[in-house]
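Colleague: Going line by line, the protein sequences match chains A and B. Offset between the first sequence (1-based) and the numbering used here: plus 1. Offset between the second sequence (1-based) and the numbering used here: plus 1.
Hints may contain errors.
Since copy identity is lost for identical chains, a pair holds within one copy or between any two.
Stated by the list, open to error - Heads up, simulated BS3-like pairs for lysine-lysine below, C-alpha to C-alpha not over 25 Å straight-line:
(1) Lys262 with Lys186
(2) Lys262 with Lys74
(3) Lys249 with Lys74
(4) Lys117 with Lys273
(5) Lys186 with Lys273
(6) Lys191 with Lys228
(7) Lys186 with Lys14
(8) Lys273 with Lys4
(9) Lys186 with Lys74
(10) Lys4 with Lys228
Hints are computed from structural coordinates only; laboratory data are not their basis. All values reported here derive from a predicted model rather than from experimental measurement.
2 protein chains.
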Amino acid sequence: MRKIAILGIGQTKVDEHWDKSLREVGGEAAFLAMRDAGMENVDALYVGNMLSPTISGQNQLGAFLGDWIGLWKQESVKVEAACGSGAAAFRSALMAVASGDVESALVVGVEKMTDKAGRDVTAALAAAADADYEAEQGVSFVGINALVMRRYMHEFGWRHEDFAPFSINAHDNAMHNPYARLHEKITAEKFERSAMVAAPINLMDASPVGDGAAAVVIVPAERVRRKPRIVVAASAAATDTIAVHSRKDPLFLQAAYLSSKQAYEMAGITPKDVDIFELHDAFSIMAALSLEASGFAERGQGARLGLDGEITPKGRLPVCTRGGLKARGHPVGATGMYQIVEVTQQLRGECGETQVDGAKTGMTQNIGGSGASILTHLLQKED
Amino acid sequence: MRKIAILGIGQTKVDEHWDKSLREVGGEAAFLAMRDAGMENVDALYVGNMLSPTISGQNQLGAFLGDWIGLWKQESVKVEAACGSGAAAFRSALMAVASGDVESALVVGVEKMTDKAGRDVTAALAAAADADYEAEQGVSFVGINALVMRRYMHEFGWRHEDFAPFSINAHDNAMHNPYARLHEKITAEKFERSAMVAAPINLMDASPVGDGAAAVVIVPAERVRRKPRIVVAASAAATDTIAVHSRKDPLFLQAAYLSSKQAYEMAGITPKDVDIFELHDAFSIMAALSLEASGFAERGQGARLGLDGEITPKGRLPVCTRGGLKARGHPVGATGMYQIVEVTQQLRGECGETQVDGAKTGMTQNIGGSGASILTHLLQKED
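Let's have the full structure, built from the sequences with the hints guiding it.
Modeller: In structure tokens form, the structure reads like this:
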């Protein structure tokens, strides 16, 4: 595939933006990315979003956002893969530029979730699961993840408190990210004592929803003179059954395994070469499963990396260096694009207190549903 | 761009499929396309759909449908551009294969609209318009089109009955298409006397919604030995403002003009070389505007082609040869894929009574919203 570079990035704070509409939140990230890229125009717009039809009564987010930001003629489209929508839009844009039919693209992940009551949001999120065989039976999205976490703890002998390091690291890192939703350090004690959501998942295992947008401008790498140049070393996607109960092994993220394996091959690297991993910690259990399926830990041993202190910015494999879904926040269809923006910031060396020294290769992994759609991207710094 | 061929096609009847779920309707078209292509597997799945989150409580239609049809590992994604979702999914798949990252793709347009009450469907369709500045003010989607039609009639001096030939032709042609929703010939008298929906649009100006799915399998052209080989000669997309009132000229489909112009250039042809045009007659007014913007009629003279008998299968520019949106039916996110399937049938010479003799070049034009997202494709027959 044609080599592609990330020329500009932009993001809004993840928050309850009650004073801003869907178009304003998306537009803010888009304008920042265009300005950062030094471009006034692009050939195409790709929007990642999951909930605008149900929460905002708005479809056709490509034309909708293009209209707002002044792309009145250019092609645009919305790409959706539940909570994996952001990375899915990024991958569609990559293939468009790689095909040669498009020379530059703006990719925006945007979500507006706090304009409706919590119960409406919970119902809208349930559409990421199987409507007929999961949601219709009354199990919420967090409920599905709780069943997986309970089984994992039983199967591999972990206690709930063993997952604390994932959330503590995320909250620690978010302290230094002005775009993060939560700026509050947490302790192991707070992790254990938080209110229960769906046992064994409590508030500190679960990521907060929010309004937010993150965007990038991509172009063929040969057009980029700026140093360091941030290039896409690999893009891969895979799927699994939509319902967890259909899987032979509900504790193994097949789509993470397949997409990360393909990404490593494409980039010609191994997991050891990954300097940062922005993983999809929608729930702490997903952090553990993602680490295992992507080759960073043995089966059932994902939690070990947290306990051994390897996931902090000074550790062997820093994860969630800007706060992750847990503390930066999880505006679902935007999350995958926040991950791409954050790894780009790391490779550019713009992360201050949580900068990972000498980072050259960063990985993102964006998960749709309870593991049904998973996209893995590798970004690299070229000096 | 790498040359791509359509190897297999499949479709369901557009109908009220109350006995079939969303996955069954989509699966049926998918299986038919795979069988027609003689393939048991593909690298990727692209799904065009607009309403599943609001009507069926189901997101992530890529993984959802992939699961049902046995693509348990392959990447998949949903692409959405309101009623232009079908062609948008097709174009995303084309670029994926053109990029070289994917060697074969299944594209399915699917919609399930009749499981909810009519008022819920009307509300869900309003999300194709601008939620803040059109829908929120109480104007329905047909209402917006009615305003456009009224203005057009005023501006260019047409009477309502002058639009009758579009609907009569569509109904005539649908008589010979077993997949069409309506099998009922209509007369000019019936056209004029039908129940009013939103003046001046009556039931005979408006396309019926429905449940349905249409699918194709695409591969690089060099892999296809079958004769005739149906190839994609051009793919182009463009946009306009999402709200009609923001346009300098609400009677001109800028995105149809831009995307058709680009498609002609890409294929190296002129409108005169087009043998069949499957246009987006969601309302009779859109048929007229589409013909004008795509270079087949002067401004304000689109209705003339119908009156002069040029749009029938024996005419100079046959349109809606399988019934169009008006009589084949308009399962919104699937419509663009029905158009691709139908032009393929024409180029293969499989259309019986409505076969266009010697058809070598066919065009499809799929419209999202009231002209905000428009995709134009040119297919050609290679003997």
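Colleague: Could you run down the list of hints and mark each one as holding or not?
Modeller: Hint-by-hint comparison with the structure:
1. Lys262 with Lys186: The answer is neither: 34 Å in one copy and 57 Å across copies each exceed 25 Å.
2. Lys262 with Lys74: between (39 Å within a copy, 13 Å between copies)
3. Lys249 with Lys74: between (47 Å within a copy, 13 Å between copies)
4. Lys117 with Lys273: neither (43 Å within a copy, 52 Å between copies)
5. Lys186 with Lys273: neither (29 Å within a copy, 68 Å between copies)
6. Lys191 with Lys228: Cα proximity of Lys191 and Lys228: none, with 43 Å in one copy and 69 Å across.
7. Lys186 with Lys14: within (18 Å within a copy, 58 Å between copies)
8. Lys273 with Lys4: within (23 Å within a copy, 39 Å between copies)
9. Lys186 with Lys74: Classified as neither: same-chain Cα gap 46 Å, cross-chain 39 Å, threshold 25 Å.
10. Lys4 with Lys228: within (16 Å within a copy, 36 Å between copies)
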